[in-house]
Amino acid sequence: MTARRLDAGGRIDRSHSLKFNWDGRLLRGFQGDTLASALMANGENLIGRSFKYHRPRGIMSAGVEESGALVTVGAGAKRDANVKATTCELFDGLAASGQNAWPNVRHDLGAVSNLFSRFLAAGFYYKTFMGLPPFEWGQGTGWWMKYEKIIRRAAGMGTASREPDPDAYEHAHAFCDVLVVGAGPAGISAALTAVWAGLDVVLVEQDFEPGGDYLNQAGPDADATRAKLLAEIVDADVRVMTRTTAFGLYDHGVAGLLERLPDQQIQNNKYLPRQRFWTLRAKQIIVAAGALERHIAFGNNDTPGVMTAAAARTYLNRFGVLPGKQIILSTNNDSAYGPALDLATAGASVHLLDARPDLPVDLVNTVAASGVRVTSGTAALKAVGGKQITRLETAAWTGTGWQSAGSENCDLVLVSGGWSPVVNLASHLSTKPVWDQDNCCFLPGETAAHIHMAGSAAGIWQTRDCETSGRVAGAAAAKALGKTAPDISKPEVGGWSHAISPLYEVTVPGKKLKSFVDPQHDVTADDVRLAHQEGFVSVEHLKRYTTLGMATDQGKMGNVIGMALMGEALGKDISDVGTTTFRPPYTPVSLGALTGRNKGDHFRPLRRTPMDKWNLDNGATMTEAGLWRRPWYFARSGETIKEAYIRETTTTRHDVGLCDVTSLGKIAVQGPDATEFLNRIYTNPFAKLPVGKARYGIMLRDDGIVMDDGTTWRLSETDYFMTTTTAHAAKVMVWLEELLQMRWPDLKVHVTSVSEQWAGCAVVGPKSRAVLEACVEDAALVSNDNLPFMGVVETRLKNGIPCRIARISFSGEMASEVYVPSDYAPAMMDMLWQAAKPLGGCLYGMEALGALRIEKGHVTGTELDGRVTIDDAGLGKMASPNKHFIGSVLRQRPAMMAQNRPRLVGIFPKDRDQTFNAGTILCRADEVSGHGEGWITGVTYSPAFGHWIGIGFITGGYQAWEGQTVVVADPVRRENVDVEIVSPHMYDPEGGRHHG
Amino acid sequence: MIRINCPYCGERDHSEFTYGGDGSVKYPALDASMEDWLQAVFQRENIRGVQTESWHHVNGCRMWLLVERDTMTHEIHSVRVAHPGLQQALEDPS
Ligand SMILES: [Zn+2]
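Chains as they are written, first to last, in this note's numbering: chain A, 9 to 1004; chain B, -4 to 89.
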C-alpha cells in the first residue's frame, strides 16, 4: 500500500494541522482525520499484530468493524487498549502505539508463532492442556497451570492500565418521543419527518461527524445535500448527539447510549466527564444504523494492504487519502463499482475482478470511461507480500469451481463480498434476523411495533431509497404517536440492478491457504471446517469452539462468512444454520462509563446518625454497619481497640455506658386495628400489652423462618412504636406494607417509617437510672415503679426536649433506650454524657455492644440469617401455642422442628488462654473435615469471664455436646482450636441483673 | 429495563420498584391447614405468557401494585393498586 494524502478533496481541514505520536514517532494529520486515516496518509501500513499468530495487520476498514488496526491510545493511567484506529478521532497530542508485539509491531519476535500456526488451530489449547474430554479430562491441567502465563502473554490484545482511571464518567438520563440511531441518509430523513410532525427527536451518531454515507460520497453534490439536511436538522431543533453510540436497546423503549466527549474539550475543562452513559427512554425508535461491507475468505486475506472497497472510498472521499496506486478490487456485487470509479478518477490504476460470469454492462461502461479494467468470473485467491501486499494470485470460475488464474502486482487489494445490515440493535430485543438469499444478507426480522428499521440497516442499498425509507420510518413513528404524517410508499429491499452472486470463500483444489474468517481472533476457514469435523453442528457451539465472533468486533466482519462455511460443511442453507444472538453492547463500553460516579465514597450512600458528629467529637473511631457509620469504640489515649472495648464493657456492667442506637429501624404502627395487626405478625401475644409497656417480639416469614426481632412499645390504644434490627429495618417495613395492602386490606392500620425522625441512645448499667433521673424534667417518672422493666414513658428531658424512654435491655444490665426527635440528638447526648461521666460512666461502640450481647447470648442480624427457626435461636418459648400468627403453620413442618437442627450455643475455648475466629466451622473432634456440625457467628473477649467466648450454631444444641470436645476448624487463618459447647446464656443466665 | 406505569406516580423505571412475586396467590387464613399453606407459599406456575405479579413502588409511593406482565415479551397489560379499596377509589373518585 503506497497511500498518499491528496492536495485537495476530502472533508478534512488542511489549514488545521494536528501533531500526534505513533510508536514513538511524531507524525502529522489534519482536523477531521481519524487515527487510521492519518496513519495511512503518513504511509503507515503495519499497524498491529494479530491475536494468536502475531501476523502483521494493517487497516482493513473505516469503521467499527475494524479487525486489523487495533492500537493502544494514551499512556500510564490513561492508557486505553484495543482502540480501533478507524473510529479514533485524531486530536493534537494524541499518542498511540501498536500492541501485542515485542519490541514493536514492525519487528515482532512473537511472530515466530505464525510458523507453528498449523499446531495452533481451533481447540489446540483444550486438547493440549486440558486433555480430550471425557477420557482425559483434566489430564493436562497441570501443564496449563504452568504455561498459562506465557501463553496469555503471547496471545492477546492490548493490556489495560493497572493504575486507577483518573478520568470522570457520568450517568445521565433522558426522555424523547423518537430516538433515531444513525445520522446517515436514512436517519436524517427519519429525524426530519418525525420532528416536522411535531415530535421531540433525539438523533444519535457514533461518528464525530454526522452524515453517514454522505461523508463517503464523492463530489460537491453530497456536501451540498448533507449541509442542507443538517441545517434543517438544526432549524427543527432535533437534539443531535454525535460521538454517541446506541450500544443497546432494552424493553419498553429504553436505549443505552455511550457519549464520548472530544478529548480536546476534556483537556481544557477539568469538570467535564470523559464519557457519559445515557439511559434514554423513547416512545418510538428508528434504527438507521447502516450496513457493513463484508470480506471474502481467500489466502492471506489479512495481509496489510487488503481492505474493504467501501473503506477505500471513505479514505479517498472523506479523508483525502488515496490508499493505493495499483489497486485490484475483488467483488461479487454492484456496490464495488462506485469505489472503483472514484479511485480511478483520483488517479489510481484499478483492476476490478467481478466474480460473476455475466458482467453488469452498464456499470462496466461507466467505470471503463475512467480507465477501470473489469474482468469477469475472477476473484482474489491469495495475497502475497508478508508485511505489505505486493502481488495477488487470482482464481477463475470454471462453471463448477475455482482454478488458479495467474497473478498480478498491486499495492492495494479491495474486497467487497456483499453487505451486512446492522441488525444488532433489533436483535437485542429478541427479533431474530432472517436470511435473505437475494441480497446474501441477514435482514432484521419483524420488529416490535415501536421499532422501525430504515435505510441499509433494513437492506436498502441506494442513497435515494435510504432517504425514502427514513421518511417512511419517521412517518410511521409519528402516526404511532397520534401525529399526522405524509403517506409514503416503502422502497423495496435491495436495489442493485444486477444480482449479487454468493461468494464467501475462494479456494482451489490442492492449494493450502490461510484464509481468515474472523481476523481479529485469528479464526480461519479451516478452523470452521475443523470444528464441523469434530462434531460441532450448532452455530453457538461453533462460535465457542473457534471463538469466531467473540473478539471486540463481535463478529461484525466474520459472522456471515463463518455461517456460510458451516452451512457448506453441513450441507445446509445459511437460513437453516441460523445466526448467533447479538447482545449488547454493539461496540465496547468502558467499565468507567458503567461505573459513572459510583465509586470511592460515592459507591453507596453513607448513613450518618444525627449524633455522628457528636460521636466523632467525643473520640469515637467509626466503623461501617451496612450503610450506617457507627461508633466502633472510644479509645482513651494509648488504648488499643481491644483495651478500649474491654474497658467499655467492664464499665458498662459496673457503672454505666452510653451507646448510639439510632440505626435501629423504627416504625410507627397506628390505627384502630394496630393491636390485632401486631398480634398476627409477632409469634408472642400482643393482644393484652398495656399502654405504657413494651414487649420483645419475634416475627417469622410465611415459611416459618425468623424474619426479625425487636421491641414494640404501646404509646396509646392505637399507637405503637416498633423497633427492628438495623440490618432488617427496610425489609420489615416492606413486609408490613405488603401485609396491610395485599393480604389484610380490611385492617385499619397505617405504618410509617420513623427511623430518620428519632435518634436513640441506650443508657446501660447499674447506674443508668441515676443518669436518667439527672436528665428528665421529672425524676419521679423514671423511678422503678414508674418505669419498671419493659416500662415506657413519654416525657421531656430538661430544656423541654420531648423524649420517649423504654426500659429494655440488650446487654442484660438494667438499661433504657431514650429517643428524641433527631435534631435534638447532640443536645440529648450532651445532657446524658454530663450525667454519666461523673458516675464513672463511659461511651461505648459496636465492639463493646457485641461483647455485651454475646455474653448474654442475644441474637442479631448475624444470627437471623434467613435459615434460622425460632427454636434454632433458642426462643421457642416465644411462639405462642394459643394463637395463630404468620409462620405458625409452616414452622411446624417436621424438618423445621427436628431436634438435630443447628441450635444457638455459646462457645468456650478449652484452653481459656486461646481464642478463635468468627465465621469458622465447628467440627467433631474425630472428623475435622467437610461441612462440620455448625458454625460460629460472633466472637469476643469477655471481661465477665476473663477469656474469649463465642456464639454460634451446632447440631442439636449445647445439650447434645455436653462434655465433648469440639474443634474450631480454621486451617487457613490460625490453628484449629479445641472448644467446649455451652448454653448461649453465658452471663447471668437467671437474668437478675436487668432488674437492677 | 422495563417501565411500570404506577397509578399514583406515572411511568417509572423498574429500578424504582422491587419485585414481589406471584400476585395471584390467595394466602390462606392464619389457622388454615398445612397443605393450604404449602400450596400458597411454595407452589408456583412457571408461566410463559401473561402472569399477574406484585411489584412494590419502594422508591416511590410505596404502594404494592398488581402488574399483568407477559413473561416472554415483557409487555405490561395492566397495572392496578393491590389494595382493593384504594383501587376502587382510583376508579371511582366519588
Ligand atoms: Zn408509585
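Calculated from the structure, these hints are not laboratory results. It cannot be assumed that every hint is accurate.
What the hints assert, rightly or not - Okay, the calculated beta carbon distance ranges per label pair: (1) B/17 with A/847: 52 to 62 Å; (2) B/86 with A/927: 31 to 41 Å; (3) A/873 with B/13: 48 to 58 Å; (4) A/183 with B/79: 50 to 60 Å; (5) B/7 with A/764: 48 to 58 Å; (6) B/69 with A/272: 15 to 25 Å; (7) A/366 with B/6: 51 to 61 Å; (8) A/579 with B/7: 47 to 57 Å; (9) A/998 with B/17: 39 to 49 Å; (10) B/13 with A/968: 37 to 47 Å; (11) B/73 with A/927: 21 to 31 Å; (12) A/453 with B/7: 23 to 33 Å; (13) B/39 with A/453: 31 to 41 Å.
Here a beta-carbon is modelled for each residue, glycine too, at the ideal position from N, C-alpha and C.
Next item on the list: Please flag the earlier hints that this structure goes against, numbers listed from lowest up.
Entry: Numbers 2, 3, 4, 5, 6, 11, in rising order.
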